[in-house]
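Novice: Kindly generate the complete structure, drawing on both the sequences and the hints.
Taken in order, the sequence shown gives residues 5 to 100; the numbers are from this note's numbering.
Don't read these hints as lab results, they were simulated from the structure.
For clarity, every value in this text was computed on a predicted model and none was experimentally measured.
Among the hints, a few may not be true.
[What the hints assert, rightly or not] Ranges between beta-carbon positions, derived for each pair:
{"hint": "1", "residue 1": "S51", "residue 2": "E9", "range": "31 to 41 angstroms"}
{"hint": "2", "residue 1": "G53", "residue 2": "G89", "range": "36 to 46 angstroms"}
{"hint": "3", "residue 1": "S51", "residue 2": "G89", "range": "36 to 46 angstroms"}
{"hint": "4", "residue 1": "P38", "residue 2": "E75", "range": "29 to 39 angstroms"}
{"hint": "5", "residue 1": "E9", "residue 2": "N52", "range": "31 to 41 angstroms"}
Ideal Cβ positions, reconstructed from N, Cα and C, are used throughout, including at glycine.
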Amino acid sequence: MFDRERYLTKGVAKEIEVEMQILLWSLVDNLQPPKDYLQVFELLKLSNGSTRIVHTQEEPEYRSEISVDIEVSKERLKIFIIDSGEYSTMLLSSEY
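Specialist: Dropping the structure here:
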């Protein structure tokens with residue numbers, strides 16, 4: 005899962021820095037199986053300019069939080085990475 009072609013939407017390309025995109029893909033890559041087909045990331049802009057990333061999945065239940073020194077454009081963003089079997093897509097929750 006998550007090991008085939010990877011795509012992102014126009015919204016992600018516009019709103020999310022490439023460095024953050026790469027980090028989110030690597031968080032999925034480094035997650036130990038089993039992985040849910042839907043990975044959820046909530047990006048929270050912190051007052052010091054860094055970003056808190058809350059990474060969750062439903063089955064099996066998983067939650068992780070990290071802070072990184074990568075700025076985001078908005079106070080709060082939710083991003084999905086969805087594996088369809090043939091390819092994976094990163095998209096903003098508003099694009100779902």
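Novice: Now tell me if each hint is right for this structure.
Specialist: Here's how the hints hold up against the structure:
| no. | hint | result |
| --- | --- | --- |
| 1 | S51 x E9: 31 to 41 angstroms | holds (38 angstroms) |
| 2 | G53 x G89: 36 to 46 angstroms | holds (38 angstroms) |
| 3 | S51 x G89: 36 to 46 angstroms | holds (41 angstroms) |
| 4 | P38 x E75: 29 to 39 angstroms | holds (33 angstroms) |
| 5 | E9 x N52: 31 to 41 angstroms | holds (36 angstroms) |
Checked against the numbered hints given earlier, this structure breaks none of them.
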